[in-house]
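Heads up: the protein sequence lines correspond to chains X and C, in order.
Counting from 1, one number per residue, gives the positions in the first sequence under the numbering used here.
Counting from 1001, one number per residue, gives the positions in the second sequence under the numbering used here.
Source of the hints: derived by calculation from the structure; they are not laboratory data.
Below, a list of computed lysine-lysine pairs in the DSSO-like style, where the Cα atoms sit at most 30 Å apart:
no. : chain 1 : residue 1 : chain 2 : residue 2
1   : C       : Lys1116   : C       : Lys1173
2   : C       : Lys1111   : X       : Lys73
3   : C       : Lys1006   : X       : Lys21
4   : C       : Lys1172   : X       : Lys73
5   : X       : Lys21     : C       : Lys1005
6   : C       : Lys1111   : C       : Lys1172
7   : C       : Lys1116   : C       : Lys1172
8   : C       : Lys1173   : C       : Lys1111
Here are a few chain C residues that sit away from chain X, every Cβ distance over 12 Å (derived from the structure):
no. : residue
9   : Ile1008
10  : Met1076
11  : Gly1077
12  : Glu1175
13  : Ile1180
Pair by pair, the computed Cβ-Cβ distance ranges are:
no. : chain 1 : residue 1 : chain 2 : residue 2 : range
14  : C       : Phe1019   : X       : Ser3      : 18 to 24 Å
15  : C       : Ile1174   : X       : Trp67     : 17 to 23 Å
16  : X       : Ser61     : C       : Asn1041   : 33 to 39 Å
17  : C       : Ile1123   : X       : Met1      : 32 to 38 Å
18  : X       : Lys21     : C       : Phe1186   : 43 to 49 Å
19  : C       : Ile1180   : X       : Trp67     : 26 to 32 Å
20  : C       : Ser1135   : X       : Phe24     : 32 to 38 Å
21  : C       : Lys1173   : X       : Leu11     : 44 to 50 Å
It should be emphasised that the depicted structure is a prediction, and the values quoted were computed from it without experimental measurement.
Beta carbons are placed, not taken as given, at the ideal position from N, Cα and C, and that holds for glycine.
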Amino acid sequence: MFSAVLLSLILGLSILSLSHKNLFVGIIALSAVSLLSALLFYYLNAPDVAITEAAVGAGLSTIAYLWVFRAVKTLEQNTHADN
Amino acid sequence: MRIIKKIIGFITFTLASLFIGILMLTRIPWPTELRDIYETNTIQETGAPNIVSAIYLGYRAYDTLGETIVLFIAAMGTLYLLRHAQKSLFIATDSTKETLTYKTRRTSIIKVIVSKLGPAIIIFGMYIMAFGYRSPGGGFQGGSVLASGIVILSFVFIENKSKYMAITQMLKKIEVMVFILLLVSFFLACLQALFF
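Construct the complete structure from the given sequences, taking the supplied hints into account.
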């Protein structure tokens, strides 16, 4: 039951991160997906995978995405200023 | 055209979820021989109560070593490309705007939370690495926790460009040393497997 609730939340957040217009909301939804799947892994008796998912998926990859997002935003501003 | 694409995507999604659901709902039991072998023999053979760590650091140690080297080379190449891409990306930007974003990112909320939470994260990563044979975790998990702690701390404690450069120089030296250590250990393991 708990895993079904978590899976439906993960599905909804993934659809949100795919379909939202704002890229920042998409990145945060992806990070929340990673966090919820870490909780799911811990619930399914795999604490190793849960630690990895929480550190890599919710921590490092979110930082990398935000970094790229900032670069893309400044690039877009420059192109708009040029036009 | 777009509607046709959406219909095709919906049909593919439904078929895939039906297939996976049928696979998950069948009552065919999972094979248990290998699990039982590991359960009965691991503690006598390796001395590690954590069977996952015993498998990927004991029984499959060469695989893990090669995988680590591949991952290391991939990370180094990606960082190299990213640094050069960032240089070419930020050539056109105004330098004052850049320093402004650096300043506005460092609010007091981030400062307080990170300066209290960062050392705890680093100690937790070291704990995971040191006690990986007994508790859940291991080298990879502890290393990623440690790396996320260092990244979080670097948000706050990079005051200006010169310090940032010093930190990257130090990290580069550590990286080169770790890579040389990995290669030496890999070749020593190959020699040991060949001759002894």
